[in-house]
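J.: When you get a sec, could you build the whole thing from the sequences and use the hints?
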Amino acid sequence: MRKYRSHWSQGDREGYQRRSNYYEGPHTSHSSPADRTREEVVTPTLPGHAATRSQMATSLDFKTYVDQACRAAEEFVNIYYETMDKRRRALTRLYLDKATLIWNGNAVSGLDALNNFFDTLPSSEFQVNMLDCQPVHEQATQSQTTVLVVTSGTVKFDGNKQHFFNQNFLLTAQSTPNNTVWKIASDCFRFQDWSSS
Amino acid sequence: MSLPSGHTTGHTDQVVQRRARCWDIYQRRFSSRSEPVNPGMHSSSHQQQDGDAAMHGAHMDSPVRYTPYAISPYNRKGSFRKQDQTHVNMEREQKPPERRMEGNMPDGTLGSWFKITVPFGIKYNEKWLLNLIQNECSVPFVPVEFHYENMHASFFVENASIAYALKNVSGKIWDEDNEKISIFVNPAGIPHFVHRELKSEKVEQIKLAMNQQCDVSQEALDIQRLPFYPDMVNRDTKMASNPRKCMAASLDVHEENIPTVTSAGEMDKWKGIELGEKCADRSPVCTTFLDTSSNINSILELFPKVLCLDGQQSPRATLCGTEAHKRLPTCKGSFFGSEMLKNLVLQFLQQYYLIYDSGDRQGLLSAYHDEACFSLSIPFNPEDSAPSRFCKFFKDSRNIKILKDPYLRGELLKHTKLDIVDSLSVLPKTQHDLSSFLVDMWYQTEWMLCFSVNGVFKEVEGQSQGSVLAFTRTFIATPGSSSSLCIVNDELFVRDTSHQGTQSALFTLVPTAFSSSVPAFSQEQQKMLPS
Numbered sequence: 001m002r003k004y005r006s007h008w009s010q011g012d013r014e015g016y017q018r019r020s021n022y023y024e025g026p027h028t029s030h031s032s033p034a035d036r037t038r039e040e041v042v043t044p045t046l047p048g049h050a051a052t053r054s055q056m057a058t059s060l061d062f063k064t065y066v067d068q069a070c071r072a073a074e075e076f077v078n079i080y081y082e083t084m085d086k087r088r089r090a091l092t093r094l095y096l097d098k099a100t101l102i103w104n105g106n107a108v109s110g111l112d113a114l115n116n117f118f119d120t121l122p123s124s125e126f127q128v129n130m131l132d133c134q135p136v137h138e139q140a141t142q143s144q145t146t147v148l149v150v151t152s153g154t155v156k157f158d159g160n161k162q163h164f165f166n167q168n169f170l171l172t173a174q175s176t177p178n179n180t181v182w183k184i185a186s187d188c189f190r191f192q193d194w195s196s197s
Numbered sequence: 001m002s003l004p005s006g007h008t009t010g011h012t013d014q015v016v017q018r019r020a021r022c023w024d025i026y027q028r029r030f031s032s033r034s035e036p037v038n039p040g041m042h043s044s045s046h047q048q049q050d051g052d053a054a055m056h057g058a059h060m061d062s063p064v065r066y067t068p069y070a071i072s073p074y075n076r077k078g079s080f081r082k083q084d085q086t087h088v089n090m091e092r093e094q095k096p097p098e099r100r101m102e103g104n105m106p107d108g109t110l111g112s113w114f115k116i117t118v119p120f121g122i123k124y125n126e127k128w129l130l131n132l133i134q135n136e137c138s139v140p141f142v143p144v145e146f147h148y149e150n151m152h153a154s155f156f157v158e159n160a161s162i163a164y165a166l167k168n169v170s171g172k173i174w175d176e177d178n179e180k181i182s183i184f185v186n187p188a189g190i191p192h193f194v195h196r197e198l199k200s201e202k203v204e205q206i207k208l209a210m211n212q213q214c215d216v217s218q219e220a221l222d223i224q225r226l227p228f229y230p231d232m233v234n235r236d237t238k239m240a241s242n243p244r245k246c247m248a249a250s251l252d253v254h255e256e257n258i259p260t261v262t263s264a265g266e267m268d269k270w271k272g273i274e275l276g277e278k279c280a281d282r283s284p285v286c287t288t289f290l291d292t293s294s295n296i297n298s299i300l301e302l303f304p305k306v307l308c309l310d311g312q313q314s315p316r317a318t319l320c321g322t323e324a325h326k327r328l329p330t331c332k333g334s335f336f337g338s339e340m341l342k343n344l345v346l347q348f349l350q351q352y353y354l355i356y357d358s359g360d361r362q363g364l365l366s367a368y369h370d371e372a373c374f375s376l377s378i379p380f381n382p383e384d385s386a387p388s389r390f391c392k393f394f395k396d397s398r399n400i401k402i403l404k405d406p407y408l409r410g411e412l413l414k415h416t417k418l419d420i421v422d423s424l425s426v427l428p429k430t431q432h433d434l435s436s437f438l439v440d441m442w443y444q445t446e447w448m449l450c451f452s453v454n455g456v457f458k459e460v461e462g463q464s465q466g467s468v469l470a471f472t473r474t475f476i477a478t479p480g481s482s483s484s485l486c487i488v489n490d491e492l493f494v495r496d497t498s499h500q501g502t503q504s505a506l507f508t509l510v511p512t513a514f515s516s517s518v519p520a521f522s523q524e525q526q527k528m529l530p531s
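As given, the protein sequences belong to chains Z and V, one line each in that order.
Each residue of the first sequence is one higher than the last, beginning at 1 in the UniProt record's numbering.
Each residue of the second sequence is one higher than the last, beginning at 1 in the UniProt record's numbering.
Heads up, a few of these hints could be off.
[What the hints assert, rightly or not] Derived DSS-like pairs (lysine-lysine); straight-line CA-CA distance at most 27 Å:
(1) K98(Z) / K404(V)
(2) K401(V) / K156(Z)
(3) K161(Z) / K392(V)
(4) K326(V) / K98(Z)
(5) K342(V) / K332(V)
(6) K429(V) / K332(V)
(7) K429(V) / K183(Z)
(8) K458(V) / K183(Z)
(9) K86(Z) / K183(Z)
(10) K332(V) / K98(Z)
(11) K342(V) / K167(V)
(12) K86(Z) / K326(V)
(13) K326(V) / K167(V)
(14) K167(V) / K156(Z)
(15) K392(V) / K326(V)
(16) K183(Z) / K123(V)
(17) K127(V) / K161(Z)
(18) K429(V) / K392(V)
(19) K183(Z) / K156(Z)
Treat the hints as calculated values from the structure; they're not laboratory data.
As the structure is a computational prediction, the values presented were derived from the model and not from experiment.
T.: Listed below in structure tokens is the structure:
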């Protein structure tokens, strides 16, 4: 643990500076190749990703995963809520085929059911006030790169009063040589005041 | 139970006459209001043309005005039977030719179709569900066009009393998870499979009429609030003397709840009377309808606005406008994938929070994986100017929405169990209210269990002692030794309760994860339980 601290505070701060370009501009898909749509969360593939994937133990890798997680989470959250609000019909493109959603205790499973569900949901206006993320340990994911994303904020569904909400996602990475596409494996949504709604 | 031919009791006759008079008066009073055309209605002798404005865009070859009780001019004398016959003759003459192609009734009129819906019926197998319903239903029914729609299961039946019998099954059947199954019934207008026989133009007209009848509001009308129809039948003298006032009163009641109600909505109320007219065709519906007032009530109960059982929402008729069918699903309590995992998770949480609240959090070391991660966040609220009760969490908060510094982002994510438990140990001392816990188990595989806990806790020392805060904590765990869980990821989100009313909500009686398996609480814990 001390070893990590020294890395964080000394040598790697320069590392962060070098990599700061990751944080400068939003990585959007606007200038994407033809096969990419707006509703995709894409980040550059980490260098040497395949080789180092199994070595969570070294600090360098862990930091890399943390960076990657943060970038994916930020990119994802921007796209997700905008799609939910403005292009609802495209939302399920962000989900894996077998993805599941627990929405205020209601379980929705698979793309067909998800499509129906989002179609039934009234139009929405989301405001995200909190975002946190963590790389998920490979022991839980069997080396399938996964990020836990946690958000919170307010939402107003048409015809309903405004609610505070919490939402959690598991994003999994599908890497190609050029980039990594992130999709939702699972999604859990709750109004904070669900019992009085 | 048909009326003996040529004979009615004097009383029935008078009742019918008074009823008809009232509605006749109503019809005249409201005749200047624009009324949409529902081609399902019969034409009447009062062929008043209301002008194009009344049609709301629907265009008919021969404008037909929906009159609730078309036999009214005829029932002032003579028996009811005679009125029937007169009405039938008249209706046949005036029906536009296309009408005869509609529906399945031999004489060309539309059958009374009802759509039966089981909310969230998508979870049930069709055969199983229909059997279950039939076992409980007092009359045999033939489900037509069973299908799943959004989250619901639906089918059609072609008879109002069958529809009513099905409605009575609601809440009397249970699924395999011991959850009550509800049944909602709506008049179906003209179901799509009947549509195919109609000209497309007619379909458009029907849709327009249906659109007007659907309310946009999410509010449901309490069944209690439909006072008018039974009164109309039972207290005839009062009605006769001042039907308009009664009608207005009734409308006020409706308008409170459904702001968009229009005269189309009013017309809706009288749809039941349309069924009465069908009696003239001697379908099985009519005789029961006219025999007793209770049947009027029961049929009137089947209409969309009256449909909702108190406190619930009904699914909407399919032909409504695009946004009208959208609604929020009912919020439910804790979700667990399986009973076994539920017990595992609840046990874990009991043990975890026992240690967490004990004063010494070092005991949690055994709960975490060597390389686990932990972070904590609080919401960013731009309007927060005053220091809030949970600002002591602020310095550890890793809200990457506002925290942009990559170094800090790294620092605030605690890695390895030693680091984690050290950080947890410096957080304020707490007392969690297990009875407030709501748990969502939202992902599981052989190697991973992902669940989120929502609840409240009290701070038990320091300046904010006694203040209640709400939290959402997400755990990702792998199977540990001896059927325990080993945490690999832990994210804690803490928020204030004061301006959200959550505190009161969570401390009142709501179904919680622990309601059935609450252990004996310490005295301190007991103080936190709802009284």
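J.: All hints are to be evaluated individually against the structure, with a verdict given for each.
T.: Outcome of the hint check:
no. : hint              : verdict
1   : K98(Z) / K404(V)  : 34 Å, violated
2   : K401(V) / K156(Z) : 20 Å, holds
3   : K161(Z) / K392(V) : 31 Å, violated
4   : K326(V) / K98(Z)  : 24 Å, holds
5   : K342(V) / K332(V) : 16 Å, holds
6   : K429(V) / K332(V) : 31 Å, violated
7   : K429(V) / K183(Z) : 38 Å, violated
8   : K458(V) / K183(Z) : 37 Å, violated
9   : K86(Z) / K183(Z)  : 19 Å, holds
10  : K332(V) / K98(Z)  : 23 Å, holds
11  : K342(V) / K167(V) : 34 Å, violated
12  : K86(Z) / K326(V)  : 16 Å, holds
13  : K326(V) / K167(V) : 23 Å, holds
14  : K167(V) / K156(Z) : 33 Å, violated
15  : K392(V) / K326(V) : 42 Å, violated
16  : K183(Z) / K123(V) : 26 Å, holds
17  : K127(V) / K161(Z) : 39 Å, violated
18  : K429(V) / K392(V) : 12 Å, holds
19  : K183(Z) / K156(Z) : 25 Å, holds
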